[in-house]
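**Q** Heads up: the protein sequence lines correspond to chains P and F, in order.
Numbered per my numbering, the first sequence spans residues 64 to 283.
Numbered per my numbering, the second sequence spans residues 23 to 287.
Among these hints, one or two may not hold up.
Dumping the calculated DSS-like pairs for lysine-lysine here, alpha-carbon to alpha-carbon at most 27 Å [said to hold, decoys possible]:
#1 F:Lys96 - F:Lys118
#2 P:Lys188 - P:Lys82
#3 P:Lys275 - P:Lys162
#4 F:Lys96 - P:Lys188
#5 P:Lys188 - F:Lys118
#6 P:Lys84 - P:Lys219
Keep in mind that the hints were calculated from the coordinates and are not lab data.
Letter by letter, the chains look like this.
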Amino acid sequence: MSLAVVAQNQNGQKKDTVKVKHDYRPTGIRVGTDLVAIIQSGTDKTFEGWEVNGDIDFYRYYFAADYGYWARDYTAYDGMYSNNGTYWRVGADVNFLTKDPDKNMFFFGLRYGSSVFSEQMVLQKVDPVWGDISTTLNNDNVNAHWYELTTGLRVKMLKIIWMGYTVRLKFALNTDSTDDMMPSDVPGYGRADASSYWGFNYQIFIRLPVRKANSIPLKK
Amino acid sequence: MRKTGLFTFMLIIAVSCLNEPDCYQLNNNTVVIFFKIIGGGNDQVQLVSVQSPDTDSIFAASNPSKIVLPLNPKNEETLYTLQGTDVTNTLVFGYKRQVQFVSEACGERYYFQELNVLNHDFDSVRVTNAIPTPTPEPAGANNVEIYRCAITNIMGLSFPQDTPVEQITSDFATIILPPNAILNDFFLPLDTGKSSTTYQFDFGDSLKTLYVKYSRTKKKFADVCGNQRILHELLVDYTMTTMDSTVVSKDSIQDLPVINLEIIP
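Could you build all of it, start to finish, from the sequences and the hints given here?
**A** Have a look at this one:
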């Protein structure tokens, strides 16, 4: 960070002001993964998935990108449902801990998310009015996209090891579908019938420095 | 410490806000139908049965002005036959429907949309809401209105309770009560071809005459009904009427019919 002292003449008096010129050059790349997805894959028989997360800093602004995969496999009383697909998100975060020397983060951000997935449903039931209903329905290579408001923390734990979490409010989902089947579960988003949806990631990162950050003068 | 507190707070908020599926009112698979009179209000129909060839179930009207019918999730059309006391009508619904998996506990749901009436033999049918209604139906739900042309010549009579009558005849060709009926409140057709109608009541031990006069106005409520004659300014010609007492309680003929005359034979 570079400082410049500017003298301003006002009513014959000299007044000192300091213009701070921020350095927007990146200082490091952070790459991590979502522990919730890994733990859920091991404990929840209906879910399998993973997600990698990354960001890069431009002063207090961060470009963030995620890529992931999830698959679900449900058995209901009258049929089965399964899906699988990949998703990605890109967006930006703003760090509100600007004076933290370690560049720990409390951030708010915005994401655009997109997913391509396939799903299948097998129905086998006896309707009390209409009798036997037996059918197999598919949605193949369905596109979906949505937006997210994000907030969370990134905390330096060890030298290059960081941890953090991201809370996501997902909204404005738009999906394709076939005439017979409506998407049920969108990888990266969640239930397709929800107009907004909460998401949560608990993440572990490695931060690779690309250059040394300028030191920030401590406030006296 | 402050970081830990903030971290924990945000974690609690996140976990508490996770959505769970709701199994209530999953399917919007019913059509709420109201029966109405063109130029009037709600109709009151007497349906003997309502059936679809796709199912053995027989459906019943929930009240005289309304019936709620399910749509067949296996097809994109559902035909219904509505059998009334006098006439049988058919109604064919067309729609799009999609299936969506909800959860292991709830199973799937059917989402119906683009409801329309493909065919019918009523006087008129109007789709008021093309998104069918969930089950159980919310208050105020209305998908389809079935209209019939108004019947403009039915006069209501009120007699003392359980007055026996052997026969009623009129001065124009019409169908009246079967012989040997018991009269309370009942309804008689008026002759729309002229401005008066005469009835002969055979009470067994006496023969009484009722002579009513009225004004007629032509009105076209809808093309399907053509020009209709509205009867109003009903009055009794006491010089020709031989009932003990006849009081006009309402001088206009309405559909649904109202009591126009209170009679003591």
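**Q** Hint check: F:Lys96 vs F:Lys118, CA-CA at most 27 Å. Holds or violated?
**A** holds, 11 Å
**Q** Quickly compare the C-alpha distance for P:Lys84 and P:Lys219 to 27 Å and report which way the hint goes.
**A** Satisfied, since the Cα-Cα distance of roughly 26 Å is no more than 27 Å.
**Q** Does P:Lys162 lie within 27 Å of P:Lys275 when you go C-alpha to C-alpha?
**A** Answer holds: P:Lys275 to P:Lys162 is near 16 Å, not above 27 Å.
**Q** Would you check the hint for F:Lys96 and P:Lys188, treating anything up to 27 Å between C-alpha atoms as holding?
**A** Measuring from Cα to Cα gives roughly 12 Å; hence the hint holds.
**Q** Between P:Lys188 and F:Lys118, is the straight-line Cα distance small enough, at 27 Å or below?
**A** Roughly 20 Å between the alpha carbons, so the hint for P:Lys188 and F:Lys118 holds.
**Q** Holds or violated: P:Lys188 with P:Lys82, Cα cutoff 27 Å?
**A** violated, 72 Å
In terms of the numbered hints stated before, the structure departs from hint 2 and from no other.
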